[in-house]
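Asks: Protein chains in written order, with the numbering used here: chain B, 1 to 291; chain Y, 1 to 290; chain L, 1 to 439.
Please keep in mind that the hints were generated in silico from the structure rather than gathered at the bench.
For every residue, glycine included, the Cβ atom is placed at its ideal position computed from N, Cα and C.
Hints should not be assumed to be uniformly reliable.
[Said to hold, decoys possible] The calculated label-pair distances, taken between Cβ atoms and stated as ranges, are:
{"hint": "1", "chain 1": "Y", "residue 1": "36", "chain 2": "L", "residue 2": "265", "range": "21 to 31 Å"}
{"hint": "2", "chain 1": "Y", "residue 1": "23", "chain 2": "B", "residue 2": "157", "range": "31 to 41 Å"}
{"hint": "3", "chain 1": "Y", "residue 1": "235", "chain 2": "L", "residue 2": "181", "range": "55 to 65 Å"}
{"hint": "4", "chain 1": "Y", "residue 1": "273", "chain 2": "L", "residue 2": "383", "range": "34 to 44 Å"}
{"hint": "5", "chain 1": "L", "residue 1": "265", "chain 2": "B", "residue 2": "58", "range": "29 to 39 Å"}
{"hint": "6", "chain 1": "B", "residue 1": "141", "chain 2": "Y", "residue 2": "36", "range": "44 to 54 Å"}
{"hint": "7", "chain 1": "B", "residue 1": "15", "chain 2": "L", "residue 2": "265", "range": "56 to 66 Å"}
{"hint": "8", "chain 1": "L", "residue 1": "393", "chain 2": "Y", "residue 2": "89", "range": "46 to 56 Å"}
{"hint": "9", "chain 1": "B", "residue 1": "141", "chain 2": "L", "residue 2": "377", "range": "45 to 55 Å"}
{"hint": "10", "chain 1": "L", "residue 1": "87", "chain 2": "Y", "residue 2": "16", "range": "36 to 46 Å"}
{"hint": "11", "chain 1": "L", "residue 1": "68", "chain 2": "Y", "residue 2": "235", "range": "11 to 21 Å"}
{"hint": "12", "chain 1": "L", "residue 1": "80", "chain 2": "B", "residue 2": "34", "range": "30 to 40 Å"}
{"hint": "13", "chain 1": "L", "residue 1": "68", "chain 2": "B", "residue 2": "54", "range": "17 to 27 Å"}
{"hint": "14", "chain 1": "Y", "residue 1": "89", "chain 2": "B", "residue 2": "194", "range": "48 to 58 Å"}
[Said to hold, decoys possible] Facing chain Y, according to a computed beta carbon distance under 10 Å, are these residues of chain B, among others:
{"hint": "15", "residue": "7"}
{"hint": "16", "residue": "121"}
{"hint": "17", "residue": "169"}
{"hint": "18", "residue": "181"}
{"hint": "19", "residue": "183"}
{"hint": "20", "residue": "247"}
{"hint": "21", "residue": "251"}
{"hint": "22", "residue": "270"}
{"hint": "23", "residue": "274"}
{"hint": "24", "residue": "278"}
[What the hints assert, rightly or not] Simulated pairs of lysine to aspartate or glutamate, EDC-like, Cα-Cα distance not exceeding 16 Å:
{"hint": "25", "chain 1": "Y", "residue 1": "234", "chain 2": "L", "residue 2": "437"}
{"hint": "26", "chain 1": "B", "residue 1": "55", "chain 2": "L", "residue 2": "176"}
{"hint": "27", "chain 1": "L", "residue 1": "305", "chain 2": "L", "residue 2": "176"}
{"hint": "28", "chain 1": "Y", "residue 1": "18", "chain 2": "B", "residue 2": "197"}
{"hint": "29", "chain 1": "Y", "residue 1": "22", "chain 2": "B", "residue 2": "197"}
{"hint": "30", "chain 1": "L", "residue 1": "283", "chain 2": "B", "residue 2": "128"}
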Amino acid sequence: MHLLKKPWIIAVGVIPALTIYLIFSIVPIFISFYYSFMSWNGFSEMQFIGLANFKEVFQDSVFWVSVRNNILVVLASVFGQIPIALALALLLNRKIKGAKFFRTIGFMPVVISTVVISITWRMIYNSEYGMINNFLEAIGLGFLQQNWLGDPTWAMVAVCMTIIWQFVGLYFIIFLSALQTVPSEILEAADLDGASEWQKTIHVVLPSIWNIILISIVLCISGSLKTFDLIFVMTSGGPANSTEVMATYMYGKTFEGLRYGYGSAISVLIFVFSIALILITTKLLRRREVR
Amino acid sequence: MRESAVHYDTVSKQARKKKIVKRSTIYLILFLFTIVNAYPIFWMIMNSFKTGQEFSFDPFGLPDEWVFTNYVEAWVTANIGSYFFNSLFVGIVALLICILVGAFASYFLSRFQFRGRNMLYGFFVVGLLVPIHATLVPMFILMQKLGFLNTHLALIFPYVAFNLPITIFLLTSFMSSFPKEIEESAIMDGCGPFRIFWSIILPMSRPALATAVILNFINNWNEFSFALVLINDKALSTLPLGLANFAGEYTTNYTAQMAGLTLVLIPTILFYLIMEKQIVNGMTQGAVKG
Amino acid sequence: MRKWSNRVFLGIVILFISFLAACSGDSGEETSSDDGDSNANGDAVELTFWKSEDVGRADYQAFMDIVEKFDEEHPDIDLQVDTTPNADYRTRLNTQAAGGQLPDVFQVWPGAELEPLVEGDAVQPIDDIVSYWTEETGLLDEEDFEDFSVDGAPYAVPANTNPTHMIFYDKDMLADAGYEEFPTTYEEFLQLIDDLNANDITPMALGNSDAWVLQSVYISTIADRFTGNDFLEGVANGERAFTDSDFVQSLEVIDELVKKEAFNEDLNTIDSSQMIDYFLQGKAAMVMDGNWGISAILENMPEDKNVGVSMIPLNDKKTMSTVAGTGVAINSELEGEKLEAAHTFLQYVYNQDLWEELIKVGRPIIANVEVPDDAELHPLQEEMLDLIAESDPAPVYDATLIPAVNDQLENELQSITVGGSTPEEAAENIQRVQESEQQ
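Next up, chain B with everything else stripped away, as it sits in the complex (with noise of 0.2 Å):
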């Protein structure tokens, strides 16, 4: 890092971006907090009702199941898609026969549209002719079946696991261009150390790459916080609620029961949530990066 002299040039080049980024992004959420505070149905005049929202919200106990659910999701995607993307990337970087085509199809899932796979992973789950309940029979482990996204108790972790087959890919290929920038030299200098494959791993390649790890466990979190699109159109929310998120929850609030004042509320508090969260995590990991 260096200092620049001419502290203009700084502001040339950060300026377009924060431009845009405020005008279009900050100020609508913004906007959004400020209905927060009032009563409005998207018809009728808005009215200033206060915290009256935000009470209601701490009260409804939906939405708490809501946050129950993205916390599950936030844990299952940081400790199931970080560590797989990470094998797969590692894995792929090398020469095998094949790794170009594997790369695509780890990627695959990323592009595929939330129709296609809310309708496959349905099938995949279903209770009477699903796939899994087919092979848990099939292997003598009858006893194991469940009424997977049919039983509350099961939805959510049936859900999850959707989420993480779905953007491992995202994270691969984050890894996979990381493992790019590990220095060559070094490699080759282990090599004549006689250092196997798997310590230069530990010891070369995860602490070039540590950074990288640190920033996707982030995008990793805010995107589970903000997850919509593949619980809205595969379980709606049900049965039961039991498979809402705070997303889901909001959009149903606002556009569905056309309340747009409570819908931000909860917004906001997904905003906040989210912003602790993820204050939180990057403090410890990066007490450990000291370390």
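Got chain B sorted already, so can you dock chains Y and L onto it with the hints?
Replies: Relative to chain B, chains Y and L alone:
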């Protein structure tokens, strides 16, 4: 002499055996992984060739007879002919702007020390957390005020704004991982910061840039909500909107929908294949050129 | 390297120029459309019309054909038709409304969904043209407008009725279980379920993943058989409550059906079109669905399948939950020649032709129109229309309840199916939301 040769032989045999076992486990894992990942696509393509009746009766099997008319129907119903170019235009323009201004900002955020740098970086990162649906109504009103409603600008700007955080986040972390010696010699040679950006930092960031480009493109290509509320003129609509046409109030034309989704997936895969090459080959090329 | 940076630079320049061009172009367009009347088309009055899209549906097609004909026959009115994918119409319309930019005439739903539009002053009553239908042509009666009326004023013209409760059954499967006729008492109906189960046949296909099926198709009719027609009105003004024993009894029916294993096990994970598939595949002997279910059945039914239609035999009443289909309302800001154009539009579209076309595609209609001679209905369609004709209407819950209460009802119904709530608990939860919403 003889002894050691025998010894050597068994060792290499064992090693080879171990290698074969390792190889086959790796391929077994990759094989299973391929099945799990490719199945939905396979299913989608199979069903895009079935009749509606066959889809209802047997959603799993191969088509009895291959019906190609689904593709014709999909082309018409989803308006793919005209929406395709709108999607492509909006997607690519937004992507270019986003990558350009994003990379530029990342360069200063990662390679320079200035007051408020961390705060600014944090401010961009906060954008990762903005839930898109919360901004629909405000965005509509904003676009109305700006007079952008019903123009492609109404989509381009939000797409840029919503992809900037992840772009800056990724690029900044990549750029800050480069050793600082790389600029020092350039500065000695009298290169200005812009020159360093174009000729050293950008080429070195090629893998990360390619990743950001892929993410931007996919997000823009699939974005639905803004496209739904900010564009009224059918002539300007984008593909995701057309693809929603298959679902009626009580019935969905699944086979045509699958045909439409298959058609729309092709450009994404092509785009990925082109960009992936940049990711994997990026570093070596960049190093040579830089 | 040089080359590369040059190219990028060129790219930026081109971008900016095209950008400026686009911007200036837009602002020009914007002003011209703001002026509104100064149309390029000369004297033609511009009228924007929004409708949700239902591609492939015969009745949607029939409606749009008439709209198109209107456009052709009225060169003085420049009709701009704008359709939106069905599931997203509400989101789009609501956003537009929040921005204060509603189209001139647009599709609305009857009952509870119309109310916020009226309260928010987004639509205007059509009482000065109602006489066109009630007197001039005699196509409709005064009370036909009820579903689209708020505080006594009508806001849209009803076209078709939408009965939400039918039981489609496989005659052969029932015959195999020993039933030549559809059961006529509730006891017999329960016995049928047992008998089918004994034969290892799923009695009733249900796909409730979208949660509205149990509410709209089941409870709306079942509850009415216990509570009577004025229950929901009573709940709204506080005289009745969801915790009243007659409503709880109707929830117990659902509970009983679930416990008797009347449904397929995956009822919460398949949707309403998959439940029809189950029925057609012969996985289940019956399916309960609204009148709309008939189109999927007729379209995908195997030649040799023998389908009959009936309704649930329960409590000696023949009520069937019914609500008007969608209508078209007029923006409250319309006046002068634009308003006149909107009136012309409604009078043209809602006419003999439309109703005859709707009959021809087998839709139950609201209008005093005879079945045209060239109508060729499938016997199942005729059977269904007869069934509707001999039934009495009952309110549909989602068209009557406050959205949040309906939401809760749907959730509690799902909850009953997974053993989460007992009928009593469910009733209490629904009532609690009702009370907090009314405050």
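Asks: For this structure, which hints from the list above don't hold up?
Replies: Checked against the structure, the hints that fail are numbers 4, 6, 10, 13, 25 and 26, while the rest are satisfied.
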